[in-house]
Amino acid sequence: MGFFDALFGRTRVPPGKADPLFALSTALLDIEAKLNAKPGPESALVLRMVDNSEYEALEREVEATLKVGGKDLPVEVRSVEDNLGYRWMVFAGPDPEQQLNAIYLASDLLKEGGYADGLLAALFKFQPRDWYLIYSFRRAAFYPFVPLPGNRRDQPREFRLGQTLKAWLPIEKDPERWYALWDPPL
Amino acid sequence: MATRKPWYGRDMGLTVRMSVTMLLLAALYLAFLIFLFQAGVPLPTLVLIMGLLLLSQYYFSDQLVLWSTRARRVSPAQAPELYRIVERLAHLADVPIPALAIMPARMPNAFATGRDPKNAVIVVTQGLLDRLDERELEAVLAHELTHIKNRDAQIITIASFFAMLASFIVQQIFFVGFSLDEGRDRRDGAAGGIMLVWVGSLLVWAISYILIRALSRYREYAADRGSAILTGHPGYLASALLKIEGGMRRTPNTDLRSAEALNAFFIFPAISRDSLMELFSTHPSLEHRLAYLERLQEEMEK
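Protein chains in written order, with the working numbering: chain A, 1 to 186; chain B, 187 to 488.
Please note that a few of the clues may not be correct.
When the alpha-carbon atoms are kept at most 30 angstroms apart in a straight line, the in silico DSS-like pairs for lysine-lysine are as follows [claimed, not checked]:
(1) A/Lys173 to A/Lys38
(2) A/Lys166 to A/Lys111
(3) B/Lys429 to A/Lys166
(4) A/Lys173 to A/Lys17
(5) A/Lys17 to A/Lys67
(6) B/Lys304 to A/Lys173
(7) B/Lys304 to A/Lys17
(8) A/Lys17 to A/Lys166
What the simulated footprint calls covered on chain A by chain B, stretch by stretch (three residues with Cβ under 8 angstroms from a Cβ of chain B suffice, anywhere in the stretch; the number is not a length) [what the hints assert, rightly or not]:
(9) 40 to 51
(10) 84 to 98
(11) 111 to 124
(12) 134 to 140
Some chain B residues flagged as far from chain A (calculated, every beta-carbon gap over 12 angstroms) [claimed, not checked]:
(13) Tyr215
(14) Phe347
(15) Leu397
These aren't lab readings, by the way, just hints derived from the structure by calculation. All C-beta atoms in this analysis are idealised placements derived from N, C-alpha and C, irrespective of residue type, glycine included.
This is chain A alone, in the form it adopts within the complex:
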């Protein structure tokens, strides 16, 4: 947001960047080996829905494309709307690499349709001792998210994870921007 945007009160949501997502595909090996964490069977794309018919059509198109390409991408898609009005596209498949490809493909289709600013985040689950890796499209960076019961976060563990992940992934530098995504449906 530039000086003139603020001066004239122009709201421009920075478009989401998807390319840094692929840093994860190489980092997966390190995460498995050094953090002893396995990617979960599902990962998700979190979207801000827009109130028009074109957007709905586009969403169906994305799902259709992923289903048609099912042979190349052994990934299943389901959509969940959460109680804050955001759409979660959940991708399930045995190969985490393919989940990542599907997320990239879906975000690319939405971007081409003119809804790059609706891309909020991608979320990857790791086991055991569940923790999440969030990719923020706004910030073009990753950060760990470890929710605890009662709306709390395990901040010491997030910090430790962040320190380790830094070697393999672009990690968000400002911990104030490690926005939570509560109650992920995976």
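Following the hints, position chain B against chain A.
What follows is chain B alone, placed relative to chain A:
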């Protein structure tokens, strides 16, 4: 395939109106300074005093406003639902998560304060929480978040600086100046000069008042627009505004009067509709705001 543009464009009309207003204000203030300088007013001292006053007010604005409205800061543990909404919006708008405070008033309203996005606080009244549903609440929070993102507190503070100086001069001369001047200095020229400064300051104060109000209204449109863009649903804010207006009508008058001084910050002004013309108010009329949101909705469907 080429990447398409987002559904919202730029509101050139709004940008132009804002620039014209700001240019007019700048020109007015410049003329005022030259005029004061010509009239031999001790300008550096005055500007320094006002600057310090304004800076301290600006620096402590969040504390002052919270204290004077008896709003109470709440932590994420105390208001998890509210923070969930705000955190997502902040993520989407790419700003730090603002603090939240709840004001124990029955009228439904909200405002944002704080000197910069890092120190921003969004205050909502208990009445707002009671009356709006989750989507409408989100739209109101997105409106306030846009005020924060657009740095409206700073812009209005800067825009008001010389207006404050002018009103200070008007009041000082009116209460102190004339009498002091008569006792100390009986030259005709000096008295005439002071009269001229008084009239000049009064004029600048009056014109800048109207211009600042216009600027404030344009900032409101910009915040409404931001809310529509962030939530993706202009209709949410429209229905929230309607509910807020209905709520303000039903609220007892004493509540309204105690809040009038804070109008510039509120999402909706706490004055009865017919008492002031739109020209003198900080917010556009409900009809105009709804029409604007409707236009945005149409823009989306194109």
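Do the hints match the structure? See the list:
1. Between A/Lys173 and A/Lys38 the alpha-carbon distance is near 25 angstroms, which keeps this suggested pair within the 30 angstroms criterion.
2. The hinted pair formed by A/Lys166 and A/Lys111 meets the criterion: a straight-line CA distance of about 28 angstroms does not exceed 30 angstroms.
3. Straight-line distance between C-alpha atoms of B/Lys429 and A/Lys166 comes to about 48 angstroms, which puts the hinted pair past the 30 angstroms bound.
4. Note on A/Lys173 and A/Lys17: the hinted pairing holds, with a Cα-Cα distance of about 17 angstroms set against a maximum of 30 angstroms.
5. With a C-alpha separation of about 24 angstroms, the suggested pairing of A/Lys17 with A/Lys67 holds against the 30 angstroms cut-off.
6. The hinted pair formed by B/Lys304 and A/Lys173 meets the criterion: a straight-line CA distance of about 16 angstroms does not exceed 30 angstroms.
7. Taken as a hint, the B/Lys304 and A/Lys17 pair is honoured in the structure, with Cα atoms around 24 angstroms apart against an allowance of 30 angstroms.
8. Taking the CA atoms of A/Lys17 and A/Lys166, the gap is about 19 angstroms. The hint holds against a cut of 30 angstroms.
9. Three residues within the 8 angstroms Cβ limit are the bar, and the segment 40 to 51 of chain A against chain B gives 4, so the coverage statement holds.
10. With 3 residues having a beta carbon nearer than 8 angstroms to a beta carbon of chain B, the segment 84 to 98 of chain A meets the requirement of three or more and the stated coverage holds.
11. A stretch counts as covered by a chain when three or more of its residues have a beta carbon under 8 angstroms from one of that chain; for the segment 111 to 124 of chain A and chain B the count is 10, and the coverage holds.
12. Here's how the segment 134 to 140 of chain A fares: 3 of its residues keep a CB closer than 8 angstroms to some CB of chain B, so the rule of at least three is met and the hint holds.
13. With a least beta-carbon separation of about 16 angstroms from chain A, B/Tyr215 lies farther than 12 angstroms from that chain, consistent with its non-interface assignment.
14. Even its closest Cβ contact with chain A, about 16 angstroms, leaves B/Phe347 beyond 12 angstroms, as expected for a residue assigned away from the interface.
15. Distance to chain A confirms B/Leu397 as a non-interface residue, since its nearest Cβ pair spans about 16 angstroms, more than 12 angstroms.
Hint violations for this structure: number 3 only, all remaining hints satisfied.
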